[in-house]
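Colleague: Protein chains in written order, with the working numbering: chain A, 1 to 190; chain B, 1 to 100.
The reader is advised that the hints may include incorrect statements.
Said to hold, decoys possible - Derived lysine to any residue pairs resembling SDA-like cross-links, with alpha carbons at most 25 Å apart:
hint: 1; chain 1: B; residue 1: Lys53; chain 2: A; residue 2: Ser109
hint: 2; chain 1: A; residue 1: Lys152; chain 2: A; residue 2: Glu138
hint: 3; chain 1: B; residue 1: Lys55; chain 2: A; residue 2: Arg180
hint: 4; chain 1: A; residue 1: Lys177; chain 2: B; residue 2: Glu16
hint: 5; chain 1: A; residue 1: Lys152; chain 2: A; residue 2: Leu163
hint: 6; chain 1: A; residue 1: Lys122; chain 2: B; residue 2: Ala84
hint: 7; chain 1: A; residue 1: Lys184; chain 2: B; residue 2: Lys53
hint: 8; chain 1: B; residue 1: Lys51; chain 2: A; residue 2: Phe171
hint: 9; chain 1: A; residue 1: Lys28; chain 2: A; residue 2: Asp9
hint: 10; chain 1: B; residue 1: Lys33; chain 2: A; residue 2: Lys58
hint: 11; chain 1: B; residue 1: Lys51; chain 2: A; residue 2: Asp14
hint: 12; chain 1: A; residue 1: Lys177; chain 2: B; residue 2: Asn46
hint: 13; chain 1: B; residue 1: Lys53; chain 2: B; residue 2: Ala84
hint: 14; chain 1: B; residue 1: Lys33; chain 2: A; residue 2: Tyr168
hint: 15; chain 1: B; residue 1: Lys33; chain 2: B; residue 2: Leu12
hint: 16; chain 1: B; residue 1: Lys27; chain 2: A; residue 2: Val166
hint: 17; chain 1: B; residue 1: Lys85; chain 2: A; residue 2: Ile179
hint: 18; chain 1: A; residue 1: Lys121; chain 2: B; residue 2: Ser87
hint: 19; chain 1: A; residue 1: Lys121; chain 2: B; residue 2: Lys27
hint: 20; chain 1: A; residue 1: Lys105; chain 2: A; residue 2: Ile118
hint: 21; chain 1: A; residue 1: Lys105; chain 2: A; residue 2: Trp153
hint: 22; chain 1: A; residue 1: Lys177; chain 2: A; residue 2: Met160
hint: 23; chain 1: B; residue 1: Lys33; chain 2: A; residue 2: Phe113
hint: 24; chain 1: A; residue 1: Lys121; chain 2: B; residue 2: Lys85
hint: 25; chain 1: A; residue 1: Lys122; chain 2: A; residue 2: Thr148
hint: 26; chain 1: B; residue 1: Lys55; chain 2: A; residue 2: Arg116
hint: 27; chain 1: A; residue 1: Lys152; chain 2: B; residue 2: Lys51
hint: 28; chain 1: A; residue 1: Lys105; chain 2: B; residue 2: Ser87
hint: 29; chain 1: A; residue 1: Lys177; chain 2: B; residue 2: Asp56
hint: 30; chain 1: A; residue 1: Lys58; chain 2: A; residue 2: Glu20
hint: 31; chain 1: A; residue 1: Lys122; chain 2: B; residue 2: Asp90
hint: 32; chain 1: A; residue 1: Lys28; chain 2: A; residue 2: Phe17
hint: 33; chain 1: A; residue 1: Lys177; chain 2: B; residue 2: Gly63
hint: 34; chain 1: B; residue 1: Lys51; chain 2: B; residue 2: Leu92
hint: 35; chain 1: A; residue 1: Lys58; chain 2: A; residue 2: Asp14
To be verified - Between beta-carbon pairs, the in silico distance windows are:
hint: 36; chain 1: B; residue 1: Pro64; chain 2: A; residue 2: Gly176; range: 25 to 35 Å
hint: 37; chain 1: B; residue 1: Ser3; chain 2: A; residue 2: Asp141; range: 43 to 53 Å
hint: 38; chain 1: B; residue 1: Leu92; chain 2: A; residue 2: Ile118; range: 39 to 49 Å
hint: 39; chain 1: A; residue 1: Ile118; chain 2: B; residue 2: Leu93; range: 40 to 50 Å
No lab work stands behind these hints, which were simulated from the structure alone. Quick caveat: nothing in here was measured; it's all calculated off a predicted structure. We put the CB at the ideal spot given by N, CA and C, even for glycine.
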Amino acid sequence: MTKFRNRHDQLIRDGEFLREWFSNESEKLENDWHRLEDLPLDLENMRLAKAELHLREKHILRKSNRLNYMHTFLLWEYGILSAIENRIGLFYSNANEPKEKLTTKIPGSSARFVLRMIFPKKVFERVFAEPISDMQVEYIDALSKGNTPHAKWIVARGRMIILATVAYYLFSSTIGKLIRDLLKPTRMSD
Amino acid sequence: MASPYETVILNLLFREGELFGLELIAKSNGFLKRGTVYVLLDRLENEGLVKSKLKDAPKGSKGPARRLYRITGSGETALRESLAKRSQIDGLLGLNGGAI
Chain A
1 MTKFRNRHDQ
11 LIRDGEFLRE
21 WFSNESEKLE
31 NDWHRLEDLP
41 LDLENMRLAK
51 AELHLREKHI
61 LRKSNRLNYM
71 HTFLLWEYGI
81 LSAIENRIGL
91 FYSNANEPKE
101 KLTTKIPGSS
111 ARFVLRMIFP
121 KKVFERVFAE
131 PISDMQVEYI
141 DALSKGNTPH
151 AKWIVARGRM
161 IILATVAYYL
171 FSSTIGKLIR
181 DLLKPTRMSD
Chain B
1 MASPYETVIL
11 NLLFREGELF
21 GLELIAKSNG
31 FLKRGTVYVL
41 LDRLENEGLV
51 KSKLKDAPKG
61 SKGPARRLYR
71 ITGSGETALR
81 ESLAKRSQID
91 GLLGLNGGAI
């Protein structure tokens, strides 16, 4: 990065120097043309002086053209370097900036998705959707009050409750149901 | 005869009318637990003792639609039978009633 910056500074300095040199030379030539008109020279000397100034003019013009080309080249190089520097800067800034999450899932959305896939719709809606909704409502309520530690505790407790609900549902729909079915004849005999 | 937990749910619904799951837990003074109440309510609903309907969150409060529970006629009959049997048992054992 420092290397690129130094090169940029150098290009800018070179450009300024060339522009200044060219304007000085042109100004000098113009002054000489004016001075020549005022000089008391005979025709032959005037012709020789004019030829000298024409030569200087051609030389400056040639040099100015060369300078223009060079300046264009420098501008082009400057543009390329700027683009590279911007790209590198962007890369470094992206690499150093902490990545922020733009969207955050509400706690329980994964559990909702998984349980909906595992259990029948009716069972999910009656048994599992409610404790998840309880947790989400309480979580949002705690966050809206600015009580983040309580919100975190609600999520931790909510996860345990969901697990307990799943375990209790599985137990009551298998072993529990078996026990209840075994007890039914006893109830009828009562 | 309904289990003690089921009897508590039926009794609360009979007394209070319509209740949400969390309200049932709160009104049972810790007798009903969050991990079991919805399984019990599902079982009672399957037996036709309780009915539920989805109710939208009140205006101004955010959240999904919640299930509101109420006791049915069969539920009231089952509650009366259960309470009678329990009072009989309590009488035989010399108890004066518990959490129910």
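Colleague: Next, verify each hint and record whether it holds.
Modeller: A quick look at each hint next to the structure:
For a cut-off of 25 Å, the pair hint linking B/Lys53 to A/Ser109 stands: about 22 Å separates their Cα positions. Proximity of A/Lys152 to A/Glu138 is assessed by CA-CA distance (about 11 Å); at most 25 Å being required, the pair is judged to hold. Pair hint B/Lys55 plus A/Arg180 does not hold up; C-alpha atoms about 32 Å apart against a cutoff of 25 Å. For the suggested pair A/Lys177 and B/Glu16, the alpha carbons sit about 29 Å apart, so the restraint of at most 25 Å is broken.
Using a Cα cut-off of 25 Å, the hinted pair A/Lys152 and A/Leu163 holds, with the two alpha carbons roughly 17 Å apart. A threshold of 25 Å between alpha carbons decides the hint, and for A/Lys122 with B/Ala84 the separation of about 33 Å lies outside it, so the pair is violated. Restraint check for A/Lys184 and B/Lys53: the C-alpha separation of about 29 Å exceeds 25 Å, so the hint is violated. Distance check on the hinted pair: B/Lys51 and A/Phe171 sit about 23 Å apart at the alpha-carbon level, within 25 Å; holds.
At most 25 Å may separate the alpha-carbon atoms for a hinted pair to count; A/Lys28 and A/Asp9 exceed this at roughly 29 Å. Straight-line distance between C-alpha atoms of B/Lys33 and A/Lys58 comes to about 101 Å, which puts the hinted pair past the 25 Å bound. With a C-alpha separation of about 88 Å, the suggested pair B/Lys51 and A/Asp14 falls outside the 25 Å cut-off, and the hint is violated. A threshold of 25 Å between alpha carbons decides the hint, and for A/Lys177 with B/Asn46 the separation of about 13 Å falls inside it, so the pair holds.
Using a Cα cut-off of 25 Å, the hinted pair B/Lys53 and B/Ala84 is violated, with the two alpha carbons roughly 29 Å apart. Annotation: proposed proximity of B/Lys33 to A/Tyr168 holds, straight-line Cα distance about 11 Å (limit 25 Å). A distance of roughly 14 Å separates the Cα atoms of B/Lys33 and B/Leu12; the hinted pair therefore holds under the 25 Å criterion. A hinted pair counts as satisfied when its Cα atoms are at most 25 Å apart, and B/Lys27 with A/Val166 qualifies at roughly 24 Å.
This hinted pair checks out: B/Lys85 and A/Ile179 have alpha carbons roughly 20 Å apart, not beyond 25 Å. With a C-alpha separation of about 39 Å, the suggested pair A/Lys121 and B/Ser87 falls outside the 25 Å cut-off, and the hint is violated. For the hint linking A/Lys121 to B/Lys27, the alpha-carbon distance of about 29 Å lies beyond 25 Å, and the restraint is violated. Simply put, A/Lys105 and A/Ile118 have alpha-carbon atoms about 21 Å apart, close enough for the 25 Å limit, and the pair holds.
A threshold of 25 Å between alpha carbons decides the hint, and for A/Lys105 with A/Trp153 the separation of about 17 Å falls inside it, so the pair holds. Distance hint between A/Lys177 and A/Met160 is fulfilled; the C-alpha atoms sit about 24 Å from each other, no more than 25 Å. Annotation: proposed proximity of B/Lys33 to A/Phe113 holds, straight-line Cα distance about 24 Å (limit 25 Å). Restraint check for A/Lys121 and B/Lys85: the C-alpha separation of about 36 Å exceeds 25 Å, so the hint is violated.
Using a Cα cut-off of 25 Å, the hinted pair A/Lys122 and A/Thr148 is violated, with the two alpha carbons roughly 34 Å apart. Pair hint B/Lys55 plus A/Arg116 holds up; C-alpha atoms about 20 Å apart against a cutoff of 25 Å. Among the hinted pairs, A/Lys152 with B/Lys51 is inconsistent with the structure: their alpha-carbon atoms are about 33 Å apart, more than 25 Å. Of the supplied pair hints, the one linking A/Lys105 and B/Ser87 is violated, its CA atoms being roughly 50 Å apart against a limit of 25 Å.
Distance hint between A/Lys177 and B/Asp56 is unfulfilled; the C-alpha atoms sit about 33 Å from each other, more than 25 Å. For a cut-off of 25 Å, the pair hint linking A/Lys58 to A/Glu20 stands: about 19 Å separates their Cα positions. With a C-alpha separation of about 38 Å, the suggested pair A/Lys122 and B/Asp90 falls outside the 25 Å cut-off, and the hint is violated. At most 25 Å may separate the alpha-carbon atoms for a hinted pair to count; A/Lys28 and A/Phe17 meet this at roughly 16 Å.
Of the supplied pair hints, the one linking A/Lys177 and B/Gly63 is violated, its CA atoms being roughly 34 Å apart against a limit of 25 Å. Distance restraint check for B/Lys51 and B/Leu92: the Cα-Cα separation of roughly 34 Å exceeds the 25 Å cut-off, and the hinted pair is therefore not satisfied. Proposed proximity of A/Lys58 and A/Asp14 is supported: the alpha carbons are some 23 Å apart, at most 25 Å. Taken as a hint, the range 25 to 35 Å holds for the pair B/Pro64 and A/Gly176, whose Cβ atoms sit roughly 28 Å apart.
For the pair B/Ser3 and A/Asp141, the supplied restraint of 43 to 53 Å is violated, since their beta-carbon distance comes to about 32 Å. A hinted range of 39 to 49 Å for the beta carbons of B/Leu92 and A/Ile118 is consistent with their spacing of about 45 Å. Range check, A/Ile118 to B/Leu93: Cβ separation about 43 Å, and the 40 to 50 Å hint holds.
In summary, the numbered hints that this structure violates are 3, 4, 6, 7, 9, 10, 11, 13, 18, 19, 24, 25, 27, 28, 29, 31, 33, 34 and 37.
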